[in-house]
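Peer 1: Residues per chain, in single letters:
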Amino acid sequence: MPLTSPVVEELRRIVGRENVINSANDLRIFERDASIEGAIPDAVVLAASTEQVSAVIKVAAKHRIPVVPRGAGTGLSGGAVTIRGGIALQVTRMRRILEIDPVAQTALVEPGVVNQELSLAASSHGLFYAPDPSSQKACTLGGNAAENSGGPHCLYYGVTTNHVLGMEVVLADGSVHWVSGDTADRVGIDLCGVLVGSEGTLCAITKIKVRLLRIPPSVATLLAAFPTIEAASQAVSAVIARGIVPAALEMMDRVTVGAVEAHFHAGYPTDAGSVLLVEVDGLPEGTRELMAAVRDVLAENQGFAMREAQTPAERDLLWAGRKGAIGALGRIKPNYYLHDGVVPRSRLPQVLSAVGEIGEHYRLPVANVFHAGDGNLHPNILFDLRDREVMQQVENAGEEMLRAVVELGGALSGEHGIGLEKSAFMPWVFSPDDLEAMQRVKEALDVDGIMNPGKIFPDPSRKHVHLAGRTGLAVEAKWW
Amino acid sequence: MVISPVIEMPSSAEELAKRLHEAAESRLAVVPVGGGRASGMGGAPARCDVELHTTRLDRVLEHSQADMVVSVEAGISLESLQAELGKARQFLPLDPFNSPGHTIGGLLATGWTGPLRQRFGSARDFLIGIRVALPDGHLATAGGRVVKNVSGYDLMKLHHGALGSLGVIVAASFKVFPRPLHDVTLEMTAESIGAAWAGVDAALALPLAPSALELFSDGRVLARFLGSPDAVNHMVAELGWQKADASVWAEHSRRASGSWARIAVPRRSLHVILDTLPRDSKWWASPGTGIAHWSFTGDAETLRDVRRAAEKLQGSLVLLAAPAEIMTAVGAWGTPPATIEVMRRLKRAFDPDGILNPGRFVV
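As they're listed, the protein sequences go chains A and B. Here the numbering used here is used: the first residue of the first sequence is 128, the next is one more, and so on. Here the numbering used here is used: the first residue of the second sequence is 13, the next is one more, and so on.
What the hints contain is simulated information worked out from the structure, not anything from laboratory work. These figures come from a predicted structure and were not determined experimentally. Virtual Cβ for every residue (Gly too), placed ideally from N, Cα, C. A portion of the hints provided could be inaccurate.
To be verified - Computed footprint of chain A on chain B, listed as stretches where at least three residues anywhere in the stretch have a Cβ under 8 Å from a Cβ of chain A:
hint, region
1, 270-280
2, 283-295
3, 324-331
4, 338-351
To be verified - Here are the simulated DSSO-like pairs of lysine-lysine, each with C-alpha atoms no more than 27 Å apart in a straight line:
hint, chain 1, residue 1, chain 2, residue 2
5, B, Lys255, A, Lys334
6, B, Lys294, B, Lys255
7, B, Lys30, B, Lys99
8, B, Lys30, A, Lys569
9, A, Lys334, A, Lys185
10, A, Lys450, A, Lys264
To be verified - Label pairs and their in silico Cβ distance ranges:
hint, chain 1, residue 1, chain 2, residue 2, range
11, A, Asp575, B, Glu26, 32 to 40 Å
12, B, Glu337, A, His190, 39 to 47 Å
13, B, Thr288, A, Asp443, 48 to 56 Å
14, A, His252, B, Glu337, 44 to 52 Å
15, B, Asn245, A, Gln520, 56 to 64 Å
16, A, Pro439, B, Asn245, 25 to 33 Å
The whole structure should be built from the sequences, with the hints applied where relevant.
Peer 2: Structure, rendered in structure tokens:
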């Protein structure tokens, strides 16, 4: 439902005329995030300060209009999609790094700061920000905190919630609060811990205080080939079982490696059934020792053609291949669809063979590129959105893969969030009582349910919508 | 008039939830009890009709060695869990004070930590799933048994450190860690606290920071290095302190007092707050995290002064145990957090009749 003129006027008074977007054409730009489903907001408000975010939410609360906080729109679960209409509250104008404290090793940032920009800024102090989603060149720290994002290096360093020390947030009534802060122990309930990862359903985030880490003096990155994806999975378990927790432990299958190599020419072995990218860091003697141990374990588990990056440039190229892998898959098919379920690490061989069978059953190419050390899958189902017939198959295949994950004792999402995409699957892993407990948190903090409605919790009123042609716009606009 | 509380010792989560529900229906005040190691923490309960003990819920539910994940019932003692994990050369990096005898549920509810927090964080950082009994009799689970999970709200964080005021923790799952390849403890004793701080700074500035670093009021400093042998040995050589026996940590973890407080301030302000303590105070501190434990002897006024100073530094002083008159005069928690109203909303959502630990926590 379009906003009434008085409401639009109220919003314009807060952020300025040019920072409220409500023309049909312009709104289309905000229809999507990086997931597959879209919905056009009734208005987009580009806020520039905490005060503006608070004032906008107060207007929304007064009129019971949904508010969906939005960063770079790189999310993969539909978290930033305005499925019930309302206001997309864009925070990318709030993009200042307010403070880097090299002594305390912390940074205070606004939510629109791009993930990688923080590490770049901190590097002059010998510090970095550890969570590194593959979209880190574009995704914002506000979005990272809202989704509790991960990344390859979270195996050793932990995910976003382990690095957020405190936040300034705006609740559904427009009130502004600081949660947690600079001390290790606090008095009271850990609101910050509850709000990180709440996917915009409890608050809008307006400032974030994060922990920075010292850049390790030495890094070693190894690429190893394996005859099969099962062999590589066994090797992953064997490394961890040996008591080694590498900084990162990533896997790519043959399909992915082919696309990556064609695109990046990083020296990935295209004849391998799968490859592992292993990184250890720390003191030079420590990384030498650990890498030697890693090589031994991999060799014992059918690893071959092992190649260690000799220069930082070589290392960067290996990582460019990994982090750009999903983009490179565009060489095979223009569109992809993926879930990010997590299985207990020892179940990787089983779940990957299930994923392979499901792909074959639906005759859809599947490319696996994922955080093997965490058991965090990313099976990319490749397709062409122009072929509308295929969409139902893609969706069914994705759902079956996720079902396989859950049946092996896994979780619906390791880092992308539940959002819109997986809310219907929540009852697979949570009982009605579990969901009701979560719902109580929601209702306690957002009485009228205006914050990012329609996310996380199953929506019985929502018919199971098919991926294709939901809005028709993606096809018309030829976004591939 | 003092009426002894009813002692309930259920042997299953379902039974515990039932007892909790029955109590709630009758508006009886329930105090959850684990190992009793932190029973002095928080304000004196306003009422205690039922003591709900978790100690019979003491099973390891599942230890998946290859996945490095363990699920346990809340009443298991930390020592029993470590013994189980040790069989697989794994451990949970929790080394709370006033050990032994903490239960896992108690540690989660209190949020207590020890020296290893410097390297591994608190249980908050490796708690991956939780099951909680609620006053309405429901058992609610959040998280799961995988090391990385963003499915639904992170209710692990909601209950960690909430002192059983929102529900009774009945089971938990953790990410566990491999025993370090090498584990060396060093010690130095300085002539003065100033010299001890210089040692602390030197240790923290090392390229491989110690995994635990403890400073004592008598000028002693303990450092623990975990990691690959070559890297650890390099740091040991660089620091040049004396080697100490690893048993110092078990001894340290037994430290506690009938009158003690936990002070938490931003790391850089730790020395400032320690300077405000009365001369000859007995304390120990983790300079890497900004936490100090103070075994106080002074009067209420002294405690108030130190708390005021800690709060001025954006920190806190929490009484872990104190004589009743001190507890009453000073209060367990200090100035309520600015977000107290938000916390109260959550309290009302989970415990509308206020039967859980009434008077003990901040909400």
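Peer 1: For every hint, state whether the structure bears it out.
Peer 2: We went through each hint and held it up to the structure:
1. Coverage of the region 270-280 of chain B by chain A holds. Counting CB-CB distances below 8 Å, 6 residues qualify, and the rule asks for three or more.
2. Restraint check on the region 283-295 of chain B versus chain A: 0 residues with Cβ-Cβ distances below 8 Å, three needed, restraint violated.
3. With 4 residues carrying a beta carbon less than 8 Å from a beta carbon of chain A, the region 324-331 of chain B meets the three-residue requirement, and the given coverage holds.
4. As drawn, the region 338-351 of chain B meets chain A at 6 residues by the rule of a beta-carbon pair under 8 Å; at three or more, the given contact holds.
5. Taking the CA atoms of lysine 255 of chain B and lysine 334 of chain A, the gap is near 44 Å; set against the 27 Å cutoff, the hint is violated.
6. Note on lysine 294 of chain B and lysine 255 of chain B: the hinted pairing holds, with a Cα-Cα distance of about 24 Å set against a maximum of 27 Å.
7. Between lysine 30 of chain B and lysine 99 of chain B, the direct Cα distance comes to roughly 35 Å. Violation of the 27 Å bound is thereby established for this hinted pair.
8. Note on lysine 30 of chain B and lysine 569 of chain A: the hinted pairing holds, with a Cα-Cα distance of about 25 Å set against a maximum of 27 Å.
9. Taking the CA atoms of lysine 334 of chain A and lysine 185 of chain A, the gap is about 18 Å. The hint holds against a cut of 27 Å.
10. A C-alpha spacing of about 10 Å is found between lysine 450 of chain A and lysine 264 of chain A, which places the hinted pair at or below 27 Å, so the restraint holds.
11. Between aspartate 575 of chain A and glutamate 26 of chain B the Cβ separation comes to about 35 Å, which falls inside the hinted range of 32 to 40 Å.
12. In this structure, glutamate 337 of chain B and histidine 190 of chain A break the distance hint of 39 to 47 Å, their C-beta atoms being roughly 54 Å apart.
13. Threonine 288 of chain B and aspartate 443 of chain A have their C-beta atoms about 49 Å apart, which keeps the hinted 48 to 56 Å range intact.
14. The hint said 44 to 52 Å for the Cβ distance between histidine 252 of chain A and glutamate 337 of chain B, and at roughly 49 Å that hint holds.
15. A hinted range of 56 to 64 Å holds for the C-beta pair asparagine 245 of chain B and glutamine 520 of chain A, which are about 58 Å apart.
16. At about 27 Å, the CB distance of proline 439 of chain A to asparagine 245 of chain B agrees with the hint of 25 to 33 Å.
Taken one by one, the earlier hints fail for this structure at numbers 2, 5, 7 and 12, listed in ascending order.
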